[in-house]
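Asker: Next come the chains, spelled out residue by residue.
There are 2 protein chains.
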Amino acid sequence: MDKKLYIVGIGPGKPEGMTIEAKRILEESDVLAGYPVYLELLPQELRSRRDGTPKQEIRSGMTKEIERCRLALSAAAEGHKVSLVCSGDPGVYGMAGLALSLKQEFPEVEIRVIPGVTAALSGAALLGAPLIHDFAVISLSDRLTPWEKIEARLKHAAEADFVIVLYNPESKGRSGYLARACSLLLTVLEPERPAALVHKIGREGEAVWTGTLEEMQDQPADMFTTVFIGNSNTALLDGSMITDRGYREK
Amino acid sequence: MDKKLYIVGIGPGKPEGMTIEAKRILEESDVLAGYPVYLELLPQELRSRRDGTPKQEIRSGMTKEIERCRLALSAAAEGHKVSLVCSGDPGVYGMAGLALSLKQEFPEVEIRVIPGVTAALSGAALLGAPLIHDFAVISLSDRLTPWEKIEARLKHAAEADFVIVLYNPESKGRSGYLARACSLLLTVLEPERPAALVHKIGREGEAVWTGTLEEMQDQPADMFTTVFIGNSNTALLDGSMITDRGYREK
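Protein sequences appear in the order of chains S and Z.
Heads up, the first sequence is in my numbering, so the first residue is 1 and it goes up one at a time.
Heads up, the second sequence is in my numbering, so the first residue is 1 and it goes up one at a time.
Bound conformation, chain S alone (with noise of 0.2 Å):
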């Protein structure tokens, strides 16, 4: 018996982006499933069998994603080989841990984690090594979490100096939340504070913004959007973001 259903990180977007681990998962299963905006992200190669025609796909919208996870548990306990497709990594406000907790219902089903390069190491690549020190990773979408929770977690954060990286800063429903975080920031750390925003990276349109704390404060931001806040040691050096780990000539 061999009921696999694989759980997928893909990535910032662009294909170079996935690990080769990644992509012969892909490459080998015949049934896809995912937000249609990430299965859209995939090269051709990979969404179709090897005679051209199209894999199978699974594919439903945002707030969909019981029903999404139920049909991928459900596809691979009927012997296909699925994959579950996630953008950055399926661990990091991903599909991993709904899947999981659904498999009692499909007991011989086996789950895989294919683990990705999320949104925070890749948007601190392009900004230089903002995450060199210790760091803290926060989502502003108040949608499953009370909002009090996360304004407790950010000023935790910045009382103990971690460089802080925010992940769906905003959205359609949700405007004036960076602003709102950047505010509640600022009672802590000073208004020169370095930050720095990246827009759909590994993806077209991608954009980078770099400047302080309180300058963020009205800059636009989606969710597609990354929010990086330095911590005491990190600098704006020459256009990148560099915090300093404290080596020493000696």
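Hint data in this document are derived by calculation from the structure and do not stem from the laboratory.
On a predicted model such as this, the values are computed, not experimentally measured, just so you know.
Hints may be right or wrong, so weigh each one.
If several chains are the same, the list does not tell them apart, and a pair holds so long as it fits within one copy or across any two.
27 Å max Cα-Cα, derived DSS-like pairs, lysine-lysine [unchecked claim]:
id: 1; residue 1: 64; residue 2: 3
id: 2; residue 1: 4; residue 2: 200
id: 3; residue 1: 55; residue 2: 172
id: 4; residue 1: 172; residue 2: 14
id: 5; residue 1: 14; residue 2: 4
id: 6; residue 1: 14; residue 2: 81
id: 7; residue 1: 55; residue 2: 155
id: 8; residue 1: 14; residue 2: 3
id: 9; residue 1: 64; residue 2: 149
id: 10; residue 1: 3; residue 2: 81
id: 11; residue 1: 172; residue 2: 149
Since chain S is already given, all that's left is putting chain Z on it; use the hints.
Answerer: For chain Z alone, kept in the frame of chain S given last:
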């Protein structure tokens, strides 16, 4: 003029864990620099020129980071295509920050950071989905950071209910550090809090331990161990460590 130094993350260790981009850049490089253990993780074909002869390698030990970066920058300035190889992601406790900060000595060299799957992500994928929600990454190494700062970060991370990932828990010269961190965390978290260790991710000897925070105090750890401590929504289920993101049936 095209003088480039690539700082390349090769992921957890097995060749399939690197990105397609990382592999291409290593193939195209004629000089490889890095800590010898990392260079030896590379498949032989990436360490050889097209004619089969070995590529030039700049090897230097731990604590020789500044020297290694300068030699790599200097080889790039001479016109070689140079890759400085890091395990995991070069931007997370890696060489990207140091190389960028030394760049001013070699103004003609352009630096590009190629991200990789860091141990927090590859370890999480082996465990299930512990990082599915907000998390903090902390190194226990006090070689470059005062221990008091590490303690403050541990405490804030626990109070903020982050999932916590610890890098570099112990080393030959730093024994007992994991137990110290656990006992500090136990002043905030309950003894039954799910916890896990992953040893040698993607390498020979890969091993996983799961249990409670209290039990973890007595577990062995070293430089090749990555540590996971759940948040208040993390559970161990059928051998997997899963953090609930809060999806509910509607």
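Asker: How would you label the pair residue 55, residue 172 (within, between, both, or neither) given a Cα cut-off of 27 Å?
Answerer: Classified as neither; 32 Å inside a copy, 51 Å across copies.
Asker: Given identical chains, is residue 172 near residue 14, meaning Cα to Cα at most 27 Å, within a copy, between copies, both, or neither?
Answerer: within (25 Å within a copy, 41 Å between copies)
Asker: Up to 27 Å between alpha-carbons, please classify residue 4 paired with residue 200: within, between, both or neither.
Answerer: Cα proximity of residue 4 and residue 200: across copies only (25 Å, versus 31 Å in one copy).
Asker: Please work out whether the CA atoms of residue 172 and residue 149 approach to 27 Å or closer within one copy, between two copies, in both situations, or in neither?
Answerer: Classified as within; 22 Å inside a copy, 39 Å across copies.
Asker: Checking an output row: residue 55 and residue 155, CA cutoff 27 Å. Within, between, both or neither?
Answerer: Neither: 47 Å inside a copy, 49 Å across copies.
Asker: Between copies, within a copy, both or neither: which fits residue 3 and residue 81 at Cα up to 27 Å?
Answerer: within (7 Å within a copy, 45 Å between copies)
Asker: Classify it for me, residue 64 with residue 149: is the Cα-Cα distance of at most 27 Å met within a copy, between copies, both or neither?
Answerer: within (24 Å within a copy, 42 Å between copies)
Asker: Within a copy, between copies, both or neither: where do residue 64 and residue 3 come within 27 Å Cα-Cα?
Answerer: Classified as within: same-chain Cα gap 23 Å, cross-chain 48 Å, threshold 27 Å.
Asker: Within, between, both or neither: how does the pair residue 14, residue 4 come out at a Cα-Cα threshold of 27 Å?
Answerer: Both: 26 Å inside a chain and 22 Å across chains, each within 27 Å.
Asker: Could you place residue 14 and residue 81 in one of the four classes (within, between, both, neither) given a Cα distance threshold of 27 Å?
Answerer: both (24 Å within a copy, 23 Å between copies)
Asker: Using 27 Å as the alpha carbon limit, work out where residue 14 and residue 3 are close: within a copy, between copies, both or neither.
Answerer: between (29 Å within a copy, 24 Å between copies)
Hint compliance for this structure: hints 3 and 7 are broken, all remaining hints hold.
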